[in-house]
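Visitor: Here's the letter readout for the chains.
Protein chains: 2
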Amino acid sequence: MRKNFWFLVFLVFSGTLSAQTTISIEKFGVTKDEGQDATPAVRKALAYIRHQPVSRLIFPKGRYDFYPELASEKYVFTSNNDDGLKRIVFLLEGVSGLEIDGQGSEFFFHGYISPFVIEGSKNITLRRFSVDWERTFHSEGKILSVDKDGMDLQFSGQYPYKIDNGMLVFIDKKGVEYPYGNLLEFDPAKRETAFMARDQYFGRNLPAREIAPGQVRLLVPDLEGIPGNVIVFNALHRLCSAIAVSDSRGLRCDSLQIYHCGGMGIVAQRSRDIDIDHLTVTARPGSGRVLSLTADATHFANCSGRLRILHSLMENQMDDATNIHGIYVQVVRRLSATGVLVQLKHEQQVGFDFIQPGTRLELVRSTTLEAYDTLQVQRVERINKEYTSVEFTRALPAGLMIGKDVMADIADRPDVIIRHCTIQKNRARGLLIGSRGKVIIDSNYFHTPGAGILFEGDGRYWFEQTGVRDVTVKDNVFDNCNYGVWGNAAIQVGSGIEKEYQPASRYNRNIRILHNTFRVFDPRVIHAYSVQGLRFAGNTITESGDYPNRFPDGKRFTITDCSGVEVEEK
Amino acid sequence: MRKNFWFLVFLVFSGTLSAQTTISIEKFGVTKDEGQDATPAVRKALAYIRHQPVSRLIFPKGRYDFYPELASEKYVFTSNNDDGLKRIVFLLEGVSGLEIDGQGSEFFFHGYISPFVIEGSKNITLRRFSVDWERTFHSEGKILSVDKDGMDLQFSGQYPYKIDNGMLVFIDKKGVEYPYGNLLEFDPAKRETAFMARDQYFGRNLPAREIAPGQVRLLVPDLEGIPGNVIVFNALHRLCSAIAVSDSRGLRCDSLQIYHCGGMGIVAQRSRDIDIDHLTVTARPGSGRVLSLTADATHFANCSGRLRILHSLMENQMDDATNIHGIYVQVVRRLSATGVLVQLKHEQQVGFDFIQPGTRLELVRSTTLEAYDTLQVQRVERINKEYTSVEFTRALPAGLMIGKDVMADIADRPDVIIRHCTIQKNRARGLLIGSRGKVIIDSNYFHTPGAGILFEGDGRYWFEQTGVRDVTVKDNVFDNCNYGVWGNAAIQVGSGIEKEYQPASRYNRNIRILHNTFRVFDPRVIHAYSVQGLRFAGNTITESGDYPNRFPDGKRFTITDCSGVEVEEK
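From first to last, the protein sequence lines stand for chains A and B. Residue numbering for the first sequence follows my numbering, starting at 1 and increasing by one per position. Residue numbering for the second sequence follows my numbering, starting at 1 and increasing by one per position.
No lab work stands behind these hints, which were simulated from the structure alone. Bear in mind that the values here come from a model prediction, so they are computed numbers and not experimental data. Certain hints may be false.
Since copy identity is lost for identical chains, a pair holds within one copy or between any two.
As the list claims (entries may be wrong) - Heads up, simulated EDC-like pairs for lysine to aspartate or glutamate below, C-alpha to C-alpha not over 16 Å straight-line:
#, residue 1, residue 2
1, K555, E498
2, K385, E73
3, K190, D479
4, K474, E569
5, K44, E381
6, K345, E69
7, K385, E69
8, K74, E119
9, K404, E498
10, K32, D101
11, K499, E370
Just need the whole structure built from these sequences, with the hints factored in.
Guide: Quick look at the structure:
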């Protein structure tokens, strides 16, 4: 009785506290619109919150600037990004129940800095702010002329550079370098990748000379591009994603604008229950830029629970709008009757520690991607960011193929809803769907240079576990997809299964494509193989004539090595 | 009584154990001379030792190979080296009382791997093994010809390369790259830096074309070099020192041969009681190499207690034989009446966390390097690898100069003995002596292209705290020092104090130079400023004529702004 009384007192008291738990960043010594470095204030605020009952941190509407000098630091491994010792503004570790509300503020970042890294946290909400950089990690040059020996480009003052030892090097005001990888041509009028443009060159400084202030001649033969179009020199590395989430539960991103970052917009790994609503990824209006951020708009590896992306615009980014998948490790050595050495093979997956005692792993042939056994983990020893030794509760199967078979967690399979989104004008594809949970993709608009929706996954190069089980694609508009080189149909199954193994595989299952509208300029609508259960019904297909038809003899449906296929054309 | 009895039983029992505590690496699955990767065996052995009473790990005499794939991993900050997430073979953390005895074995390392990282350990002995790499971090090319537009070089198969996009890139068998920094000319007959050779170029791939297999023309104008000499392309980074020790007590290195590593031979920081005996640093005999390791042979930052280097040969390395100093942080911001923000300014000093509650710091003018106050630390918050906020037990002095004054620990001052060593044929200087403890340098042989002994230290560029208090230099031979560009006398005080501040400073004190022999080819023997107490007596100076005398009008003694000077010439 007495116990209950004190418990009630506690409840009343904590209720009182929670009603007063909003705090303003101004309390920590920063004022909006003054150009000062707001990073130390965030540091202080997060330290304060750690020991006080604060549930909401607000930024009075205005501009805030963030610099790396006094930012927190942590070595961060984020799947499909580059690992490194990073400077981080909002480093949330083990935080529970916090909302950060920008109230419409603009957050400007400077240099190599990561806006949000959220690890081991619960119920975090981010809302109403924009993310941008003063100096982008990529650079954009307008094509003045092209000939067989080189290309003349015009750079605005947004993209400082120097010619160093005969090489074009991009820098910022402080002289910090911004190394570039692929070069890609964009059509600035359409704000999309130029028709059938492909990546040119990768990852070395290119020989160049300055022909006038802001004008550079690239001394590289056989470059392709149309004068008036824009060449984007993309960031070589993915070091500074805007929001990177690991091992957390309950993330809500509401009304965020991510105009730029040096990586992905929102990337989550080994996390569950993620809601994204009214996200805008776009090249900042009025900035003159054609590129928004330098990799995927969103990306999810080994996530589970609920995953929703609603009412969002994802455009102009250098890679897909989303990619939802698991991670395969390769079995590289047999250590005992029950133990193996496994390797994270892709260099942007290193440090992805998902194997724990008790984890159930599927054992998969990398040829067909079909699972042939399931093993439960007894003991794990992480050797380094690439290699882990794993001991199972029972003997390994006899047919284990060392250096070929791969393994992945079978429990991580979010239920996905992607609804009322606009997905367009980026490099590559729209949605890469690889969850084995229930997936609903409806009422979206797609205008992507590759496939609007791709079912990918492979065990030999990207090491991404996919293989859907229950997907409904309905009431979407696929408007002139495939105006670039990154696909061969509006909806495509492009798993990394070689032709000879496709008959033996049914890696993806139960895909229903219903009541969508396809506006096409070449015939290709569906390309699929190794699918069990593919239904196409109630869809409308119209010819747009908006781009050249380079495949007049192409087929609407290229469906091979599939079972349970029903295609009903109107 | 009963208690004492059991204590005696314990003593006897533990005595019995310690008599049986030698273990062989063979127990952990590796056999000498078989070329297999011995790294996992070391990992297992160190894990075993952690829970068993082992005091000695032996390697039966033979060859052992170590690869990075299955090595341990840790983010390591080592002073005056490059920080990074490193693969480490012998990672000793919190180990107490262990001897690793190679019994004359040869340890060969492959790729980006750190042989020994020892942190927070006590009484560690390393003995009787050599350290080398199959593919060195630097590359060496023999000069075939030189003209104003470029230089033709011949590379042996030891130094694989490719011409990538018109640029010379060094690689190994696996295609891993080895970026280069400075280029330096060596005389292969003398196995020393070429007379008055200086560093050329820094840190970018250079344009080149292959003119025949193994022959490359560097397309760089105005390169200097004599046909027949060797150009060393030094490693751009210092990532893989052979033995890196932090926060440890009691290190003994006995009879080690370090033929190569991608950094320093033995580097210790914040550690005490270090004995080095019969160390050999040299370009591996018979290898054809002119360079041994790519930075200093040994290096000590903020060490204390005993520091001895005896009976050692240190030659052919890319930087000094040793450098003993403390680290200055710069005061960059006043945070309160009692608190400041300090910064580790040099990029190879980041992560050097030496400030703890209770630490006594001297407050120093960066102009004169004179301390003007001492403060005791109350509280410390490390912000990131560069910045730390420090609160003191009392108010800051009024005259504190923000962005100029520096601070360093006053307690770290080892007593140094360097005796019976040969120090020669490297790039730069011999001994950089910056300890405030008692220093004895006797019975050594010096033949260095810069000063044999340098008293350096500064608060504006290298941020190295020195300022000796009690140094005896006796019975050494200085044989034709200063045949290169890195000094202006056999013994030199070169602290970073600008001319106008030298009269006001007595940064170094009590240097006695007694009974040494100086063989010189130009007149310069002593160059000193801002010293209190300098005695030169009983020394012999003879003219060698072994190199051209470029300073016929030079003076034997250039001693300015010093007090208590006694020079007795024989």
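Visitor: None of the hints should be skipped; say for each whether it holds.
Guide: Evaluation of the provided hints:
no. : hint          : in the structure
1   : K555 <-> E498 : neither (21 Å within a copy, 79 Å between copies)
2   : K385 <-> E73  : between (19 Å within a copy, 8 Å between copies)
3   : K190 <-> D479 : within (14 Å within a copy, 74 Å between copies)
4   : K474 <-> E569 : within (15 Å within a copy, 98 Å between copies)
5   : K44 <-> E381  : between (36 Å within a copy, 12 Å between copies)
6   : K345 <-> E69  : between (33 Å within a copy, 12 Å between copies)
7   : K385 <-> E69  : between (27 Å within a copy, 10 Å between copies)
8   : K74 <-> E119  : within (11 Å within a copy, 20 Å between copies)
9   : K404 <-> E498 : within (14 Å within a copy, 65 Å between copies)
10  : K32 <-> D101  : within (14 Å within a copy, 62 Å between copies)
11  : K499 <-> E370 : within (15 Å within a copy, 76 Å between copies)
The structure fails to meet hint 1 from the earlier list, while all remaining hints are met.
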